[in-house]
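A.B. asks: One-letter residues, chain by chain:
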Amino acid sequence: MDLLTGLLTGFATAFTPLHLALAILGCVLGTLVGALPGLGPSNGVAILVPLAFSLGLDATATLILLTSVYYGAMYGGRISSILLAIPGDEPALMTILDGHPMARAGRAGEALALSGLASFVGGVLATAGLVLLAPLLARFALLFGPAEYFALYVLAFATLGGLAARNPMKALFAAALGLALALVGYDTTTGIPRYTFGLVELYEGIDFLVAIVGLFALSEVFLFVEKGLRELPHPGRLGRIFVRLSTLRQSLGAMFRGTGIGFLAGVLPGAGASLGSFLAYMLEKRVSDRAGTFGRGDPRGVAAPEAGNNAAAGGALVPMLTLGVPGSGTTAVLLAVLMALDITPGPLLFEQRPEVVWGLVAALFFANLVLLALNLPLVGLFVQLLRVPPRYLMPLVAMVSFVGIHAISNNPFDLQLMIGFGVLGWVLRKLEVPLVPIILGILLGNEMEDNLRRALLIADGDWTVLWRSPLAVGLWTVAVLGFFGPMLVGPWLRRRRARLLEGRG
Amino acid sequence: MLWSTRRMLLAGALAAVLATPAGAFEPSGVECIAPANPGGGWDFTCRQVGRALQELGIVKEPVRVTNMAGGGGGVAFAYVVTKRNKDDNLLVAASTATVTRLAQGAYVDMRADMVRWIGTVGADYGVIAVAADSPIKTLGDLMEALKTRPQEVAIAGGSAFGGWDHLKVLIAAKAAGIEDVTKIKYVAYKGGGEAMTALLGGHVQAFSGDISETVGFIEAGQVRVLAVLAPERLPGKLADIPTAREQGVDAIGANWRGFYAPGGMSDEAYGFWVEAIRQVYQSELWQQVMAQSGLMPFALYGQELEAFVRQQSADIAALSREIGLIK
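So the protein sequences, as listed, match chains Z and L. Sequential numbering of the first sequence, starting at 1, is according to the numbering used here. Sequential numbering of the second sequence, starting at 1001, is according to the numbering used here.
Don't read these hints as lab results, they were simulated from the structure. All values reported here derive from a predicted model rather than from experimental measurement. Heads up, the beta-carbon is just placed ideally off N, CA and C, and yes, glycines get one too. Be a bit skeptical, because a hint or two may be false.
One-sided and incomplete, this derived list gives chain Z residues near chain L with beta-carbon spacing under 7 Å [to be verified]:
hint, residue
1, 145
2, 189
3, 293
Partial selection, computed: residues in chain Z whose CB lies under 8 Å from chain L [what the hints assert, rightly or not]:
hint, residue
4, 190
5, 195
6, 340
7, 406
8, 409
9, 412
10, 416
11, 469
My request is simple: use the sequences and hints to build the entire structure.
C.D. replies: Below you can see the structure in the form of structure tokens.
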């Protein structure tokens, strides 16, 4: 299918009243999730997964809802960054640097409007980038045999710690835990059950939706029960929500540069939106900060990271859809949802389920429009919603989790397992162990093992099969670079970021 | 008088159609358990048959479909045996996969005779295929290769080791006179689509799957189907594909779809459901559903199906023992 017919199919799929309503709902919920400090995009999507399943939505509808939430969270994160100097989620951290000073100077409305526009530019251009790049990558489909897939999964794990991870050892531990959990269930290569303890419920392995909802959503509830209320300070007056033409003209370059570098950061497996916004800010400071105004409320310092994190969100969908390797934590959750819907992301997705891919792309364009509307004229509403105390929110999260998981399996065992994962997530969060590698381990562990064994089975146990093709060699090279590179560059990058944040105000 | 005569006629007609003893079982609050997530084959069976039962007037209220995923159908099986054993209004979707797993002891402590097998609503027949440019031209070529140089032929399928796609290859190999089937290299994939990709990419030499998974690729000219494991040639545009039988390999691989009911179901209710499913299968409506979904004819009811399941179960157990999957 060529690009144009693909897009047309997509718009035809997406533009049904149900899909549009879901996109709007997703955008509203996503903005809210992003704006509320503590609830990040991966948690937000994880919480809404059971909702989608209990509504009985089909694959396309579920994807539209969840990616709207994902994009919405990227828009929403900036609101509390600018107004309260508390990042709504990690990618919005950089927006504090110049956004909050603007707010204190009485230009809160302008900062919100400008960052909304920058988010829009980043989001739309990145979606366009997805349209161009994804089918190109998908064309390599048939080159991927078991050996190449194995190398690809190793690559995903190698780059997992990424540049943003605080403690690579904890990330490694989390990945190992996930891989260990993936061993549960019957082994496809021999047909023999492993670690099922005679429980028929564990025969097909641990359902990753149960794990995700437990780890992300329920642990959030437990943390809340433990820590209690955290009242947010009053955001203060917004001023007019309006961007002066001169400010816009000044920031346009920052938006485009931010988009470019953010998109690239997103496409790299394992890097994600936090890196996107960070690199965008750094680049812009290097290019534009001649008068030393950055960090004191320079609009370009707001526009660049916001365009960057939204572009990264779109970029992260590229490896997820074409190779089945998530580019960020949130796309890992989306990948789990796809697999639960019986859709195998990867090279063949574009051929076998074009309506899903192109419907998603069309919905993303639409979501960006909705988000622009929500985030310019209606941003005041979200500021009010920020003041909704979590004591109303958290019981709702718990309820949706239980109802949703029960709707999937009708089996109390899964609910108990979910609570178990909730407790595990709560403990791990207190130990500052990242949760995303666990999910990746559960998600990709089986595939990684199966492909290794397929490759060896076909080659009669000859290990050299793993690096016999040029594609496999290329993947191994990137994996090695991706594993050791961040160890060298990472600490430096993190120091720079810490210094910038400290030096503020 | 006229009224009561009409009512008698009507009752008589109904009794004749359903062939149940007078004053017998009356269905109410019927539930169909699909032992998997929404979207798969079992879910399809429950929903389509449930709809047909209501449209044909066999049941009055809609059939409630419950998804109960887990254990490859084992969670639902154990649930029915232990919690719903006497329920007269419960049907559970089943297929060859159900029998395979029961025969291999994958449903812990469960056996096929713990439930009552009702009837089938069609089947998907097995195929063995190679890429269009493969040097292997006939089923005979493939069997010859498997006999003389098994290490050079990897066969991909969409089920686990010992699963249905694997067993079909073994059934055919046995029928072709290959003594030692343990040498056959079967590469397990997560589904028919992935296995087909491996074939098209040249990573394996042959493919074992069901006809429904293969149709699109046959039309695109990308694969050559060596044989369909059906008793006779399939209807319509698939009539060009030779059966294994006509090539001298007497192997049938039918992935049937149907239902079982709780083991403690009353004889009246069992009789009612056997006739109800038979009636659905024979209806005009169901012929359309089969045509749309690519299901092929396959009809066994009541005692016939019970006997068939026993036989299939024994065959699968014997093969599984031979490849070392069970002891």
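A.B. asks: Please write out, lowest number first, the hints stated earlier that are contradicted by the structure.
C.D. replies: Violated hints: 3, 5, 7, 9, 10 and 11; rest satisfied.
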